[in-house]
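Novice: The lines below spell out each chain.
Number of protein chains: 2
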Amino acid sequence: MAFHSTIGKSIPRIDGLEKVMGKSMYIEDIKLPGMLYGKILRSPYAHARIIGIDTSRAEKLSGVKGVITGREVSGQRYGVLLRDQEVLPTDKVRYIGEKVAAVAAATPEIAEEAIAFIKVEYDELPAVFDPLAAMKPAGPVLHEGLNSYQPGGIFGMVDPSTLEGNICGYAIHQRGDIEQGLAESDLIIENTYTTPFVHQAYLEPHGAIAQVEPDGGITVWTSTQGTFVTRAMLNQIFNLPLNRIRVIPTAIGGGFGGKAIPLVEHICILLAQKTNHPVKIIMTRKEEFIDSTPRHPVTITLETGVKKDGTLAALRSKVIMDSGAYAHMGPSTANRAALITQGPYRIPHIKLEGYCVYTNKVGGGAFRAPGFPQATFAIESQIDIIAEQVGIDPLEIRLKNGLRDGDISFAGERLKKSSFHRVLKELAERIEWGKEKPAKNRGLGLACGQWNVMGMPASATIKVEEDGTVTVLTGTVDLTGSNTVFAQIVAEELKIPLGSIRVVTGDTDTAGFSPVSGGSMITYNMGNVVRLAAQDIRRQLFDLASKRLDAKPEDMEIEDGQVFLKGSPEKRLSLGQLSAISMFSGSGVIIGRGSTAPLLPHLVFCAQAAEVEIDPQTGQVTLISLVASQDVGFAINPGIVEGQIQGGVAQGAGFALSEKMVIDQGKVLNTTLAEYRVPTALDLPQIHTLLIEQPSDWGPFGVKGVGEPPTVPTAAAIANAIYNATGVRVYHLPITPEALYQAIKSSRQNKTTKTQVSSKH
Amino acid sequence: MAFHSTIGKSIPRIDGLEKVMGKSMYIEDIKLPGMLYGKILRSPYAHARIIGIDTSRAEKLSGVKGVITGREVSGQRYGVLLRDQEVLPTDKVRYIGEKVAAVAAATPEIAEEAIAFIKVEYDELPAVFDPLAAMKPAGPVLHEGLNSYQPGGIFGMVDPSTLEGNICGYAIHQRGDIEQGLAESDLIIENTYTTPFVHQAYLEPHGAIAQVEPDGGITVWTSTQGTFVTRAMLNQIFNLPLNRIRVIPTAIGGGFGGKAIPLVEHICILLAQKTNHPVKIIMTRKEEFIDSTPRHPVTITLETGVKKDGTLAALRSKVIMDSGAYAHMGPSTANRAALITQGPYRIPHIKLEGYCVYTNKVGGGAFRAPGFPQATFAIESQIDIIAEQVGIDPLEIRLKNGLRDGDISFAGERLKKSSFHRVLKELAERIEWGKEKPAKNRGLGLACGQWNVMGMPASATIKVEEDGTVTVLTGTVDLTGSNTVFAQIVAEELKIPLGSIRVVTGDTDTAGFSPVSGGSMITYNMGNVVRLAAQDIRRQLFDLASKRLDAKPEDMEIEDGQVFLKGSPEKRLSLGQLSAISMFSGSGVIIGRGSTAPLLPHLVFCAQAAEVEIDPQTGQVTLISLVASQDVGFAINPGIVEGQIQGGVAQGAGFALSEKMVIDQGKVLNTTLAEYRVPTALDLPQIHTLLIEQPSDWGPFGVKGVGEPPTVPTAAAIANAIYNATGVRVYHLPITPEALYQAIKSSRQNKTTKTQVSSKH
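Residue numbers (the numbering used here), protein chains in the order written: chain A, 1 to 761; chain B, 1 to 761.
Simulated from the structure, these hints should not be mistaken for lab results.
Among the hints, erroneous ones may be present.
No distinction is drawn between identical chains; accordingly, a pair holds when it is met within one copy or between any pair of copies.
Simulated crosslink set (DSSO-like; lysine-lysine; CA at most 27 Å straight-line) [claimed, not checked]:
| hint | residue 1 | residue 2 |
| --- | --- | --- |
| 1 | 495 | 416 |
| 2 | 400 | 308 |
| 3 | 495 | 566 |
| 4 | 136 | 19 |
| 5 | 119 | 31 |
| 6 | 495 | 425 |
| 7 | 274 | 23 |
| 8 | 274 | 19 |
| 9 | 318 | 400 |
Kindly produce the complete structure, drawing on both the sequences and the hints.
Specialist: Okay, structure coming up:
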C-alpha cells in the first residue's frame, strides 16, 4: 500500500473540542425573534373515528397564537414509500400517540396547557395489534382507502398489486426450486424467531424550527441526518419547489436512522404558516417512545434444508413485519429482511417471502441496517442449530457455505473479491475458536453478518482561500466523524496539514446534494467526491504553478503546502501564493468541484464472537467478551471506524439482551430511558475490533461502508453463546434474565427443544 | 441588440416582499444563546495621554462579565492602508469618541452603567484640528511612531517615504510641464474650495456579534458591505488563518461605503475572547456620528491655465485632505481626489498634489466614490468660472475639453469608446440647455463626473436541484438589488422563469470570494461570474441532453426550462429530467462554476443638470429639477439602475445644500438625524434619469458600474445653478441658507468675487 501522509491515522475528531466543551449548537439552542413553541395533541385510542374537534377553548387561552387540526390542513399527505398518512388525520386515528392537533403559543407551558383544552370526540373502533391476526381477512382494517394511495417515491415505491387488507407490502424472491431443494435435503429444520420494537434511543430528541418566508418559501432548522431527504419529504407534503425549501442542519445528538424523516418539521411549518411566526417543537422523551420510528418487530419462520455434510440446500422463509399504523419504510424493510434470511450463504433453492402488515401501533422505521439485525438473528441462530444437528462445528459450517468469488449476493452483485472467509477466519484466529472448552456456565458464540452499501449521487466543493488555507463545503450532516475523514482526505490529496483545512456543513441552499448520513454511505460516496474536488484543486494548482515555473503540469509535486518542480524543490510556490496569483492574474478564485452519479453498491461482510457467562439461578447473562471482525475496505481513520463498530456492537447487545418497547393494547408502557433498558458501559465488556482491509474498487482509497454492519450479527452471536453455555435455545429477543430463566426452567422440565427437525433419511 | 428574455427589464426586487414585510434579519434581530451585550467607553479628549485605567468598580458590577482595555489587548493593530491604530489605545487617545475600553454584560443597560464606572486618568495634550495647521512643522504631532508603522495592505499601501510629521499620505501626478503650461495660458484662474465631513447616514447603525469557537476560530455576524474584506481586516488584527474566521452577513440597512471596514467587530471578538460568550454590540446614532468613517473634508486649490478659446492648458492643484486621527483610507482618497481635480478633461500640463493629514478628529473613510464628489465640486465649479471668464457657454467648454477616443483617463486607461460627449449632449438635449433663460431667481447649472470601476477577483456557483429549479450561491451582500440582477442574468442564460431561481447569499465559509459591495463593482464583476456559472450549467445541460437525444451539443437549444433539438422541439428534456439523469446516471449533481481574475477597469462618465430657485431674502435654495445622465453600459434592470442614480443624486444634493458634521474643538455637535440634515423627500424634486447605454467590452451584456457616479457631479451642478440664479459663487459646501445669504450679502457689498483671475494678455 502506498505511503499515506494523513489517511490511515487515528486523528481525533476535528469537532471533538466543540462537542466536549458544549459549544455545538443543537436545535434546542436556537432561538429566532418572535419564535413560538408548538405542542402536539395525541390520540389516546389505538383506533377511533374522529367525530369532531373543538379547539375554541384552547384558542382563547392567553398566549396561544394558533391551533391546527386535520380539518384545516387536509389534502396534505405524508409517506415514505406510500402516501398513506394525512399530516393530521381528518377521518380516524390509528395508534395511541398519533398526532391529532397542534398548538403554537408564546411558551411551551402555555402550549402544553392549551393542548389539554382541545376537546376531541372519538368513536372508538376495534383495533388489531398482532400482525398475524391483522393478515386475516376478518377483523379490523386500518386503511380502507389502501388501494387509492399514491406512491411516496422518496426511498423507492410500493408495488400496488401487493396491497390488500392490512398488507401494505409483499415481496417474494425465488431461486431454483424450493420444493425440489427441500426434497433433496437430508434434514429439514424449521423454527420461528421473533424480535420486538426496539428504539434508536438517540440522546437528543427530535426537534425543529420552521419559518415561513415572505415568498411562501420555508426555512427549517432541524436535527436531521439528511437535509436533502428532509427537503424531499417536505416538498412532497407542501408541493413547493425544492429551492424554496431551505433545510438547515443543526448539530445532531445521535440518529441511527431515526432522524432521516421529518417527525415534527411539517407540524412546525403548518403552525408557522398559521401564525406567521417561527415555531419550534422539541419532542419529549415520552413522545419519542410513542411516536417515532423504532425498529420493526418481525416474526420469521425459516425452513432450512441441509445435506448431511452440512451443505445448505434450500430455504423457505417467511418474514412478517409489523409496520405499525402506516407503511413508512416497512415494505422495503420487510423485503430486505426476507432477502437477508438467506444470510451470506450459497443456497441453491430459495423461496423468501416478506409481508409488511399494518397494526394499530406506532409505525416502525429505519434503525441501523433496517431489517438486517432481525433476519440475521434468525438465520444465524438457525445455522448454529443446523450445525449441531449435522454435527459440524459452527465455524466450519459457515466457512463451508459462505459466499465466494463468483457467487451472487442477496443484492444481485456478483462477488469478485469476497472477504467472507477472511473476515470469519481472522475472527476465529483472534478468539482461538475451538482451542479450549469454555468454563462452566460460560459459552462462546459466533455469527456472520452483511450489509449492502448503496451508491448515491454526491457532490462537494473546495475552495482555496487567499492565504492558502482550504475550505471544504458539503451538505453532509456529520454524525460519526465524517468531517474529520473529509479533512483527512483533502490533507492527503493536497499534502497540507490537517489544521489548514476547514470542513463546513452547508444547508440545502449553500451545499450541493449529499446523501443522508445513514446506510454506511457517507465516506464511500461523499469521501469520493471530496477526493475528486481536492484532485480538481490539485490539477488547477499544478497548471498554474507549471506556467509560472516554466514546466509541465505533470512535473509538479505538492508537499507541505508548496507546489514545486520534481527534483528542484527550490522552484516552488506556496498555496497562498498560487491562490493570489490565480485570483489576480490567473483563472480566478480556485474552486474545486467533485460530483458523481451513484458509485456501484458493494457488499460488506462482518463476523462477531461473543463470550457470555450465565447465572442459571437468575437467567442473568454477563457479556465476558465481544469481538467484531469487519471488512472496512480501508480505514481512513481507524479510531473512528473502531468507535463506530463498538457502538454498533453495543446496540446489538442491547437488541440481544434488554431492549424492547413493551406495548399493551397499542400502548407503549416503558417511555423513559430508565424503563427502556439500553446497555450502559457497566453492562458491556471491552469490545474488540478486527479491521479487515480488503479494498473496494470504487470507494476513495478503497473504503467500504462501516456504520451498519457491526450491529447486524451481535444478537445472534450472543444467542449462540447462550446456547453454548446452557444448551438452551431462545428464539425470541430480547433474552432478558426472566426469559432465559423461564427457558432454562422449561428446558429442564421438557428435554426436547422447540426446534422442529425432520430427518429424511 | 439581441432579444433578451429577462434582462433589460425593470423586474421588482426579489427581496422586496421580505423587506417591506419586515422579515429581513438584521443584526439587531439575531440572538445567540448566552449572548452578552457590549458597550464602549470613549475618549472625552481630543488628544491626551492615558496615564491609567481603573476598571475594578466596573468589573464588580453585577451582570458584568468582562472589561477590556488597551493594556490587555496590546499588540493587536488595526489599519486599512497603514497599521497606525491599536485596537484599543495603550498610550494616548487622538480624538473625542475614540474607543478606550469596552464592557460585556448581561444586558446593554448594565454594560452602559459599567462604562460609567471605569476611571481613566488622562494627561491632556495640545490638539490640532485644522489640517493646514497640522502640516506645519511646529505644533502637536499625533503619531510619534509614524515611520515605524507597517503597511495595512487591505486596499493597497502607503508609500513610507511620504510619511512625515502629521502627513500620512502624499501623492503627486505630473504631465507635461506645469510652468510652461501656465506660461502659455491666456488666463490663469485660481480658487480654493472646501467641503466638510459628511456622514453616510445609513438608516441602520453598525452592529455585530462575535463568537469564539472551541478551536480558537471566530464567527462574526455583521452588517457589512463585504464579508471578505471584513475577514481580511480581522485576519490582520487577530492573525488567524482565513478559514478560521467566518463572517456571516446579515441584512444590511444601507452602507454607502461606511460598512466596508470593521468598526465594532473586533471589539466584539475581544470581549468574546475575554468572556467566552458571544457578544453583541450595536452602535447608537450618536456613536455613529462620533466614531465612524464619514467623507473626508478637503481644501482644494486649483490654478487653471486656459486659452482664450476656452481650451484648458494647465492645472496646478493641491488637495489637502483631513484624515482625522488615523490614516484609514485617507492616503488613497487624497491621491484619487488629486487626480480627479483634472476632471474628465484633456489638460496637457498638470501638476496635481494630494496631501492626507492627521488631525485630532474622527477619521474619514469611504463614502460613495471616495474623493470624487469633493474634487468634482472644485473642478466643475472652476470650469463654470472659466467659461464665464472666457465668454463661452458652460456646455460648450465641457464639450470642447472633454475626453475623446485615444485620450488617457485619470486612471491610465486609453479610451476607445469615450461616451463623454454622448452623455453630456443627451443631457443638454433633454433639458433643452440654452433654449430659454431661467425665470427670476431661478438658475440652471451643469456638471460632469466620472468614476473608474475596478475589476476584482470574483466567483459564484450555481446548482440545479432535483426538480430543475436553480440555486445561485454568491458571497455578495445585496445592497442595491444585486441578487435580483443575478437572477435576471441566470434566467437570461438558461431561459428559465425568474421564479425558478433562488439567489443565496453565502458567508465566507460557504461562498467563494466576492468583492465588497462598493465601488460600483458588483454587477460588473459578480454579474460576470454569475453569467459564466450559468453558461457552465448550460454547457453541461447541452452535453447531457445531446447524448440522450443522439445529437450534437451545438444543436441544442434551451427555452422555458426545456432543452431541445433545434428545429425539433418535440425532442426535449426538462431541466428536472436532466438534473435527475445527471445525478443518477450522468456526471452527478449539476454544479456550475464561474470564477475570474479581475476584469479590466473601465471609466464611466456622467453629467447632471440642476435647476434651482433662490429666495434672496433667506438664502433658501429650492431644487426645482435634477436630471442625471449616465453611461451605464447596459441596464440589466433599468428600474434598479434608475433608483440607484436617484439615490446618488439625493446624496449629492445633501452634500451640496445641507449636510455637514459640525465639529468644534474636535467635538461633533450634531449627533442626531434631526440635527444632521439629510435631504428628505420633501426637499427633493423628481430626479430624472437618462440611461446612456454604451456597452462595456468586458461587463456581462455590456454593463458598467452604476452606483458611485450619480453622487459625483451633483453638488457642482447645484452650485453652478445657484451662481446662474444669483451671480454669487459659493466655494464652500454645504451651501446652507445662511451661507448663501451671507454670500449674497457680501457680494452686494463688494462686487468683486473672490475668484482670482490673472489675465496674461
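Novice: Compare the structure with each hint and give your call.
Specialist: Here is what the structure says about each hint:
With identical chains, the CA atoms of residue 495 and residue 416 are never at most 27 Å apart, being 33 Å at best within one copy and 47 Å at best between copies. Taking the shortest alpha-carbon separations for residue 400 and residue 308, only the intra-copy value of 13 Å comes in at or below 27 Å, while the best inter-copy value is 111 Å. Within a single copy, residue 495 and residue 566 get their C-alpha atoms as close as 15 Å, which meets the 27 Å cut-off; across copies the closest is 47 Å, which misses it. In this homomeric assembly, residue 136 and residue 19 never come within 27 Å of each other (Cα to Cα): the closest approach is 51 Å inside a single copy and 60 Å across copies.
When the C-alpha separation of residue 119 and residue 31 is checked against a cutoff of 27 Å, the pair qualifies neither within a copy, at 31 Å, nor between copies, at 37 Å. Taking the closest pair of Cα atoms, residue 495 and residue 425 never come within 27 Å of each other, the shortest separation being 37 Å inside a single copy and 61 Å across copies. Taking CA atoms no more than 27 Å apart as the test, residue 274 paired with residue 23 passes between copies only; the shortest distance there is 16 Å, against 33 Å inside one copy. With identical chains, the CA atoms of residue 274 and residue 19 are at most 27 Å apart between copies only, with a shortest distance of 21 Å across copies and 36 Å within one.
For the identical chains of this complex, residue 318 and residue 400 are intra-copy neighbours only, at 25 Å inside a copy versus 97 Å across copies, given an alpha-carbon limit of 27 Å.
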